[in-house]
Amino acid sequence: MSISVRVFDSTTGRPVPELAVSLCAQEHGAWFCVARARTDGEGRADWSGPRRPPPGVYRVVFATAEYFREQGTDSPHPEVILSVRYAGDSSDLYIPLFLSPCSYSTHSGSPLITAGSAAHRD
23 MSISVRVFDS
33 TTGRPVPELA
43 VSLCAQEHGA
53 WFCVARARTD
63 GEGRADWSGP
73 RRPPPGVYRV
83 VFATAEYFRE
93 QGTDSPHPEV
103 ILSVRYAGDS
113 SDLYIPLFLS
123 PCSYSTHSGS
133 PLITAGSAAH
143 RD
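Sequential numbering of the sequence shown, starting at 23, is according to our numbering.
Treat the hints as calculated values from the structure; they're not laboratory data.
Even glycine gets a Cβ: it sits at the ideal position worked out from N, Cα and C.
Take these hints with a grain of salt, some might be off.
Stated by the list, open to error - For each label pair, taking beta carbons as the anchor points, the in silico distance ranges come out as:
#  : residue 1 : residue 2 : range
1  : Cys124    : Ser70     : 30 to 40 Å
2  : Asp96     : Pro76     : 33 to 43 Å
3  : Asp96     : Ser70     : 32 to 42 Å
4  : Arg58     : Pro118    : 16 to 26 Å
5  : Pro77     : Arg36     : 30 to 40 Å
6  : Pro100    : Gln48     : 30 to 40 Å
7  : Ser70     : Pro37     : 14 to 24 Å
8  : Gly51     : Glu92     : 16 to 26 Å
9  : His50     : Cys124    : 27 to 37 Å
10 : Gly51     : Glu101    : 32 to 42 Å
11 : Glu101    : Pro37     : 12 to 22 Å
12 : Val79     : Thr34     : 13 to 23 Å
Go ahead and model the full structure; you've got the sequences and the hints to work with.
Here it is as structure tokens:
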């Protein structure tokens, strides 16, 4: 029962460490942040443990501007926002993100990723 992410730099094929990631929940039409994390050395972050997120629709916000700035690269994507549906109960939701300066993509690490989070490219 968890929501987890893993972030890779598509140009190097390496995990992206120390990327700020926020988990935002929707309530009454408004979004608010319920948890924050930074990716580890393998590009992973998760929200599990005793305070697991309840079922619902979430936005996972990846703060990419700092990462690209540290790489000395310009990017039109200061953040990447993916909307996902989390079933809760005994479900695990895995969200992979592949970054490059001019595009990003994801795939259904779980069948519960919504159509709004399909791969996006410029």
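**Prompt:** That 14 to 24 Å hint for Ser70 and Pro37 (C-beta), does it hold up?
**Reply:** holds (19 Å)
**Item:** Cβ separation of Asp96 and Pro76, checked against the hinted range 33 to 43 Å
**Value:** holds (39 Å)
**Message:** Holds or violated: the 12 to 22 Å window for the beta-carbon distance between Glu101 and Pro37?
**Reply:** holds (19 Å)
**Asked** If you check the beta carbons of His50 and Cys124, does the distance land in 27 to 37 Å?
**Response** Cβ of His50 to Cβ of Cys124: about 36 Å, so the range 27 to 37 Å holds.
**Request:** Mind checking the hinted window 16 to 26 Å against the Cβ distance between Gly51 and Glu92?
**Result:** violated (35 Å)
**Request:** Please test the hint of 30 to 40 Å on the beta carbon pair from Cys124 and Ser70.
**Result:** For Ser70 against Cys124, whose Cβ atoms are near 33 Å apart, the range 30 to 40 Å holds.
**32 to 42 Å as the expected CB spacing between Ser70 and Asp96, which holds or is violated** = holds (35 Å)
**Request:** Could you check the hint for me, namely that Gly51 and Glu101 are 32 to 42 Å apart, CB to CB?
**Result:** The hint (32 to 42 Å, Cβ to Cβ) is violated, given that Gly51 and Glu101 are roughly 21 Å apart.
**Request:** Confirm or reject the claim that Arg58 and Pro118 have a C-beta distance inside 16 to 26 Å.
**Result:** holds (19 Å)
**Message:** Against the range 30 to 40 Å, how does the distance between the Cβ atoms of Pro77 and Arg36 compare: consistent or not?
**Reply:** holds (33 Å)
**Message:** The hint says 30 to 40 Å between Pro100 and Gln48; measuring C-beta to C-beta, is that right?
**Reply:** With a Cβ separation near 22 Å, Pro100 and Gln48 fall outside 30 to 40 Å, so the hint is violated.
**Asked** Okay, Val79 versus Thr34 on CB: inside 13 to 23 Å?
**Response** violated (32 Å)
The earlier numbered hints that this structure contradicts are 6, 8, 10, 12.
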